[in-house]
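Participant: Going down the list, the sequences are from chains E and Y.
In terms of the numbering used here, the first sequence opens at residue 3 and continues consecutively.
In terms of the numbering used here, the second sequence opens at residue 6 and continues consecutively.
Note that these hints are calculated values from the structure, not bench results.
As the structure is a computational prediction, the values presented were derived from the model and not from experiment.
Heads up, a few of these hints could be off.
A few chain E residues that don't get close to chain Y, going by computed Cβ distances all over 10 Å [stated by the list, open to error]: (1) E16; (2) E95; (3) K137; (4) A268; (5) D278; (6) L280; (7) Y317; (8) N390.
DSSO-like, lysine-lysine: derived pairs with alpha carbons at most 30 Å apart [stated by the list, open to error]: (9) E:K87 <-> Y:K436; (10) Y:K436 <-> E:K414; (11) Y:K61 <-> E:K131; (12) E:K87 <-> Y:K83; (13) Y:K264 <-> Y:K436; (14) E:K235 <-> Y:K445; (15) E:K130 <-> Y:K436; (16) E:K130 <-> Y:K445.
In this text, a Cβ means the ideal position worked out from N, Cα and C, and glycines have one as well.
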Amino acid sequence: MHELVEFAVEKALELGADYAEARFEEKNGTELVMKNGNAEGLGILADRGIGIRVLVDGGMGFASTNVLTKESVAEAVKKAVKLAKAASKVRNEPIRFSEEDFHEVYYEVKMRKDFRDIPPEEKLELLKKVEEEVKGTGVNVPMRFLRYSDWMWHKIIAHSDGGFVESYIPRVSLTYNLVVFENGQMEQAPFVQRAFSGGLELLEKDEPWKWAVKDVMALKRLIYEGQKPPEGKVDLVISPEVAGIAVHESVGHPYEADRIFGREAAQAGESFVKPDMLGERIGSDVVTVIEDPTIPNSWGFYLYDDEGVKARPRYLIRNGIINEFLTNREYAYKLGQRSNASARAINYNREPIVRMANTYLAPGDHSFEELIEDIKLGVYMVSFNEWNIDDRRYQQRYIGREAYLIENGEIKHPVRRPILEITTRALWSSVDAVGKEVEFYPGTCGKGEPGQGVPVWMGGAHARLRDIPLRRP
Amino acid sequence: MFDVNEFILKRAKELGFGDVVVLSYETNRRQVRFANNEITVAKNWHERKIELFVEKEKRVASTTITDLSNENIERILKTLLSNIRGMSPKEDYYGIAEGPFEYKDIPETFDRAIVELDEPNEYVERAINAALEEGAKRVAGVLYTDHNKLYLTTSNGVEAFDEGTGIEISVRAFIGDLESGHGTNSVRVLKKFDPESAGRKAGEIARLARNPEQGPEGKFDVIFDPLAFANLLSYMSFMTSAYAAEAGFSFLVNKLGQKVAADGVTIKDIGNLPNGYGTRKFDDEGVPTRETTIIENGTFRTFLLNTSLARKYGTETTANAGLVMPHAWNIVLEPGDYSKEELFSEVKKGIYITNVWYTRFQNYVAGDFSTIPRDGIFLVENGELKPIRNIRVSDNLQRILENIVALGKELYHIHWWEVNTPVSTPYVLVKDVGITRATK
């Protein structure tokens, strides 16, 4: 396959491309679904193909094919070059890429328990285990949707600027939706996921059934003991899970340079952040937000991005100050910078665009007890269901699923659906203390057209927000 | 592709599989993305793939085959066979449809002019220019052309072919950071394509939205533009699938025969809708697509079904397979009798929402959700429009359907990034919609 990838790059240059990149991707894996105790069937994933992206006279063209012959690849290259030429005529400013150092690299994530060697019925046992443990709680859970998936993601990327990257990254995931019905009331934990880059041993060690049981018990307790949350100005402690969604939505997304420059305007939106806001204060001193693709076994893991640039941790906010945007080569050039390796594509038939990987609120110096000990009246939001944010990433809302009242420094009874509806600046300016321990939660980040759902981790430490206007449904 | 289909079917039967469905696609898709009045990237996808579904003693499996060589097909069939053996049976599996069927041509689903279209960039320029003429400063969007061939072969006597085309554009126009508008146009035949209308609408809304003020919160009568209401109905379409209901993702669970919407509300799925972006001649089992009334005059009549789920519930398929999960083709909210002007004049004090995005559910079975208006939002007072910003619709899907008080008489067919399942809807007036906003 190396030969075909190199052939595509050479062919594109021959046809007049100023820049060419060819990316072979192959995914092989298994999916299993269990619905209300019924094994819904087995899905086998086996997909591969090549995508070619070129720049010609400042216009960008992309074409892909899953017919892996020289003729078919040559045809795709021809199309990409032709499309780029035509696109260049409808541009005011030619697209240019930043200068980077390139490497010839190979890397892989090792599996201790290789899921390729394990028959599907053994993987189904994981779902059965979730079923058994959930049933073992004695709580009435009439709707149970469980999904297991694994896949090996193999990529070979060649660039006309000299980069050549080959990688093998395995990914395993378990997702559930559980509907608890007790005492004539219903609560739901939908699309909860546990996921890693690596072997099956990671999922087994994580024990997703324990997460499911924890959710079910929390929802049951919410039904029987849940009370109205306090309204008006209170203190709020958010868990690593809630901090994770908040940093993903209100820090990661608005710092994506393609949004800042309007490229995603018609779909995923623009950003309240402008290029001249680098160095501006957006949060309190204790807020530092890091984006790091290199965390071992993380769901958003990679070491080189799809433009061949070496990945590193990116400090989006450092002590409350906007420090860095997420960039690819196109937008790094516009900003007069080097790329920080944020170009990702979900498959061979998609273009690499600016994406997050693993975004988290960096730890502070407070224990959990210290975070809550001087709160007179507040709420501890442990997990969330409904959430959304506007397309400039400024007005957002998170509704608690599992949440508790804090009174005089103590965690009390559960509260129903406390609503945090707040602006980005108010959210991060209200944080006065951050916990010591960091946790991560997986998710699928949507962006691009056609859509590219990329695996990401979101997380961080606990955070305490002072004087927050909390709402009730 | 039928020769490949037949080879797969023959080998699958020889290996001892029971029900087999082989669905082959040959697709040509072209995309032009644009932003800041210029093209950001142009793309082309040529793809041949086969979706394969097999069953053996109630054990089911599926895969997609992209390498169509005989050796690879043999390898995949043998992998499926060895993997399926140890699996638990799907106890509630009841088979696929018995063919053969007869198919009718559906008007306005194929146009050779789209297949032969060499260069679509002029349509992009026309849309951008229309928006700029209305006063927009920056225009972004996407244009697609589609040419699809579909070959279906099943172990129950189906051999069916469909060929379709499409062209569509989605345009978002901006004046400042806070003033924007959106328009779309999705059609199956070139002569009906009107990219200017999408650009003009986007530009016009952006112009009207200038200098917005912070919006209010509370309960308001809301006029939903077709673009906005299509988003809610597109999310709802997923919930009309019997599979989604079983899995706990639908507010329609246990509501068959019950009132779930206002009297005048009838919602259908029309698989054979002429010029519909989701239209196909047959579903994934080969059953000819048709019209299915999901909600009739406010009463919930049926979930969308495939053959297996229909047999499980003792009824007939609605021709919406998806082999695992039935799904809608084109959702249609039947129009009412209000002109757009009459609809707006009904509202003494309310809100006009031109678009929404990021619809998310707190609880699928309850139907509680929120969604964010984007692009122009307006206070409507005695026929006057006053631009506002930064509000959120926070309500319940069933309550929204129950509170529909007026429907426009013209239908708009909407399909774009945020409206995945195509929806035809009029302007809709809903009373007492929950509106919230951030207060810090």
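Participant: Could you run down the list of hints and mark each one as holding or not?
Facilitator: Here's how the hints hold up against the structure:
No Cβ of chain Y approaches the Cβ of E16 (chain E) within 10 Å, the least distance being about 19 Å, so the stated non-interface status holds. E95 (chain E), annotated as away from the interface, has a beta carbon of chain Y within 10 Å; the closest lies near 7 Å. The beta carbon of K137 (chain E) is kept farther than 10 Å from every beta carbon of chain Y, the shortest such distance being approximately 16 Å. For A268 (chain E), the requirement that its beta carbon stay farther than 10 Å from each beta carbon of chain Y is not met, with the minimum near 4 Å.
At roughly 13 Å, the least C-beta separation between D278 (chain E) and chain Y is larger than 10 Å, which holds for a residue marked as non-interface. Even its closest Cβ contact with chain Y, about 18 Å, leaves L280 (chain E) beyond 10 Å, as expected for a residue assigned away from the interface. With a least beta-carbon separation of about 26 Å from chain Y, Y317 (chain E) lies farther than 10 Å from that chain, consistent with its non-interface assignment. Against chain Y, the non-interface label of N390 (chain E) is violated: not every CB pair exceeds 10 Å, the least being about 4 Å.
A threshold of 30 Å between alpha carbons decides the hint, and for K87 (chain E) with K436 (chain Y) the separation of about 52 Å lies outside it, so the pair is violated. For the hint linking K436 (chain Y) to K414 (chain E), the alpha-carbon distance of about 39 Å lies beyond 30 Å, and the restraint is violated. With a C-alpha separation of about 25 Å, the suggested pairing of K61 (chain Y) with K131 (chain E) holds against the 30 Å cut-off. Of the supplied pair hints, the one linking K87 (chain E) and K83 (chain Y) is violated, its CA atoms being roughly 45 Å apart against a limit of 30 Å.
Between K264 (chain Y) and K436 (chain Y) the alpha-carbon distance is near 17 Å, which keeps this suggested pair within the 30 Å criterion. A distance of roughly 10 Å separates the Cα atoms of K235 (chain E) and K445 (chain Y); the hinted pair therefore holds under the 30 Å criterion. Restraint check: the Cα-Cα separation between K130 (chain E) and K436 (chain Y) comes to about 46 Å, which exceeds 30 Å; the hinted pair is violated. Our distance criterion of 30 Å between C-alpha atoms is broken by K130 (chain E) and K445 (chain Y), whose separation comes to about 46 Å.
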